[in-house]
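Engineer: Construct the entire structure; sequences and hints are all you get.
So you can see what is in the structure, the chains are spelled out below.
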Amino acid sequence: MKKSLKEIAELIGGKIVGDGNIEIEGVAGIKEAGKGEITFISDIKHLPLLETTQASAVIVSREVKEVKVPLIQVENPYLAFSQVMRILIPHEKPAEGIHSSAIIAEGVDLGKKVSVGAHAVIKEKARIGDNTIIYPLVYIGKGSRVGKDCIIYPQVMIRERVEIASRVIIHSGTVIGSDGFGYIPHEGRQHKVPQIGRVVIEDDVEIGANVTIDRATLGKTWIKRGVKIDNLVQIAHNVVVGEDSVIVAQVGISGSTGIGKGVTLAGQAGVVGHIKIGNGAIVGGKAAVLKSVPPKTIVSGYPARPHVQAKRIEASVLRLPELYKLVRELKKRIEELEKKR
Amino acid sequence: MKKSLKEIAELIGGKIVGDGNIEIEGVAGIKEAGKGEITFISDIKHLPLLETTQASAVIVSREVKEVKVPLIQVENPYLAFSQVMRILIPHEKPAEGIHSSAIIAEGVDLGKKVSVGAHAVIKEKARIGDNTIIYPLVYIGKGSRVGKDCIIYPQVMIRERVEIASRVIIHSGTVIGSDGFGYIPHEGRQHKVPQIGRVVIEDDVEIGANVTIDRATLGKTWIKRGVKIDNLVQIAHNVVVGEDSVIVAQVGISGSTGIGKGVTLAGQAGVVGHIKIGNGAIVGGKAAVLKSVPPKTIVSGYPARPHVQAKRIEASVLRLPELYKLVRELKKRIEELEKKR
Amino acid sequence: MKKSLKEIAELIGGKIVGDGNIEIEGVAGIKEAGKGEITFISDIKHLPLLETTQASAVIVSREVKEVKVPLIQVENPYLAFSQVMRILIPHEKPAEGIHSSAIIAEGVDLGKKVSVGAHAVIKEKARIGDNTIIYPLVYIGKGSRVGKDCIIYPQVMIRERVEIASRVIIHSGTVIGSDGFGYIPHEGRQHKVPQIGRVVIEDDVEIGANVTIDRATLGKTWIKRGVKIDNLVQIAHNVVVGEDSVIVAQVGISGSTGIGKGVTLAGQAGVVGHIKIGNGAIVGGKAAVLKSVPPKTIVSGYPARPHVQAKRIEASVLRLPELYKLVRELKKRIEELEKKR
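Residue numbers (this note's numbering), protein chains in the order written: chain A, 1269 to 1609; chain B, 1269 to 1609; chain C, 1269 to 1609.
Treat the hints with care, since some could be wrong.
Identical chains blur together in the list; that is why a pair holds if it fits in one copy or across any two.
Straight-line C-alpha distance at most 35 Å; calculated DSBU-like pairs for lysine-lysine [as the list claims (entries may be wrong)]:
1. 1416 x 1488
2. 1299 x 1559
3. 1270 x 1529
4. 1529 x 1380
5. 1410 x 1460
Worth flagging that the hints you see were computed from the coordinates, not collected in a lab.
Structural biologist: The following block contains the structure:
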């Protein structure tokens, strides 16, 4: 899509410095961008790149002064740039309608302008909201609901009685509603506990590729509004994740744990079951969280401790060889003292 | 399904305290249960909840006395409750028979009452046992065998010559029989070693979602009777897992390692190749197991050590700042002594 | 396939000791091999097994002398054995041609002798090179390219505009080209950054099962020639992996990080974003790499440090209880000295 710089500035609420009539038809990073492309800088330290960029225009913060290239000044350049990306290169929707090879059971309720791709399978009583895109090879189980304006990428598996709200994006290979991992040991064997609960996913959630979210034993596993989940994350039965939390790749959350609002779990962190992570807490990468974390607390390490304490402990461990040396020296001086006494 | 309390008590071998004629048609947790539902308590500390529950009946251990709500006394309340779940809410089987869109090669041997879902693909010479359910979009490779009463959820991939016994459950997205990760470095490049072995999975195994179990280089990768595997677990080529072992989410087991019987590997643990984990051993969450573990041993930590030692080391690390302080103080006292000598 | 020992020796460039006319039709490990099978030993310590093996022939290194069983002497026995595996048990290709249930969009460009399996879906403008095998239930997105002689196993998902070169193998459940994990926090919510870049995978790469490789935000995520990736690995947007590097199972690499040539990342290691791992570096299992690693350096630990330092620190931590004891003893001796002064 082609737009004038003026049009773009209006759409993102920015102020033009330079020629607003130039035409923009693409986006790129500041080093790669060329003629007809717009780019951005979000950090003052990249200002010198404004002198050398080949881009036709640059989105900058308000304090950036006139330079040789046309600018759009905004409050948050990266946010504005991401809006421009969405305008110039819109998500390419597959054609509306149901592919002839899709298998849609009787009683399925499809909204308006729904797209269902080749070889998708939708079971009895499922409901799909308006404008939602179901890509090829997706499975949606009996009685499940997917809301409006969702994007369900190829090969996603949604089992029975899962509830997904609106504007949810689910990437390929992700499994929603598989059985929780529950067994009772009895006479040396593991006896399966039926997992008859549900999964509920609220509005504006995005879930990466090859994620697993298990259904609850009873009740529900619950991902609240605006949560963002990266690839290969494991969310066990009866976990609750609060609004706007961010869960980075390969994190594992054990059963019945509650994650608060606005929490960040960095990559490969693990959280044991039946604990609470308070609102706004940050869990460091690879941290092993063995007990509840208070709100707005940063924890890291193995086992996870408040980050300041974890850093202090790490520093004292690093200085251990020198402590050993000092103690050996003190021992000698004591021996000297003992001899000369 | 609806049953009287008396019928339920008979089915689970329990003793009724109160009115056995009431009708039960659902199950729930003790806080959520309402009229017509049965619940349980498995821990004495939850006894006060018996006073406030809205459930129509509660399964309890033998020592719980009469209360205002009808009870079923049993030896193991959670086990009995899970049996009741299975009775009242049976696994909803898809209709028997082969969906018209499934692609089944010539020479495939299907047992009685088999269900094969939409768009499933079953290759030459595969055999599927009686009552087994193959959900939609499953792939079963040439010459593979799935036994009786198995449940293979949507989008499972089973490659060629895999042997799966009876009452096995495999959740969605799981890959069985992919090539092991074997290369020979030669003149700066990695040369692939063909992986021509098999995978053998015995009776009563359950495998979670998005698990990977590689085929052996030669011989077999072998998951023995009753093993339970959680989501996103990696099992490398030629691994053997002994009977009734439990492998929690995101664990990784490297090539040719042998896991004994009744072993527990907690979440995100990693085990190097070519070692043995003894029968009944327990490996803590996130532990890095670098050498063999004797039977009935608990190990934890990075690297994994006997749990008691790991806890002692962890405690001494925590006290390091105070040790530094003490040593500094001792140094001063020695200097004092040296001066005054 | 059946071959004489002489034929095999010629094909792998080895020298026969014993009867070259015997016929070989299978391969096995030295303990399992029987009549008609060839095996190998690559380590001198296994020499005694030559006395007891039931194999009809053994591939050995040049220094192994005549024994009772026919030998082929070569420079690298395991490499030669893997060549023999490939000769005697060739990868069983599915029949060429397009299965009638595959959905191939208009304008798709299929090379010669391509195989496309049942229920595969190939979108507009995709190109598939000669001899490439697309197994059943694979999805290939719009405008993507797969080169010659590739093997794409069942249920692989390749999204739009992905470029895959020749002789690439991708195992089941792997997702290539899902959106990178990019958001801008603004007024308490996470705003998605469109991910409009590509993924480029060069010649001779092999990718395990259930791996995730995200597309770049802008530009490309880039896996260079000869890289080998194990199962359940996460590769984030804009990562570059250099030639011939090896990435073991469950490793995670964060956004924009550059991995050099010939690097080894052992199992479950994690690498933060925006750093460089130098050529030939080795990262230990479960290591947490928080800063750039120089070329040819071995790092391990949490956080990762040069391996020698990590081992020294680990050793000093192990000796902590004895240090505490020594310091307590020194304290007493100081008290003695102070008293007697």
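Engineer: Next, verify each hint and record whether it holds.
Structural biologist: Verification of the hints:
Taking CA atoms no more than 35 Å apart as the test, residue 1416 paired with residue 1488 passes in both settings, with 21 Å inside one copy and 31 Å between copies. For a Cα distance limit of 35 Å, the shortest separation of residue 1299 from residue 1559 across copies, 24 Å, qualifies, whereas the shortest one inside one copy, 46 Å, does not. Proximity of residue 1270 and residue 1529 under a CA criterion of 35 Å is satisfied in neither setting, with 40 Å inside one chain copy and 40 Å between copies. In the homo-oligomer, the alpha carbons of residue 1529 and residue 1380 lie at most 35 Å apart inside one protomer (33 Å), although the nearest pairing across protomers, at 51 Å, exceeds that limit.
Taking the closest pair of Cα atoms, residue 1410 and residue 1460 come within 35 Å of each other both inside a single copy (22 Å) and across two copies (31 Å).
When held up to the earlier numbered hints, the structure conflicts with hint 3 and nothing else.
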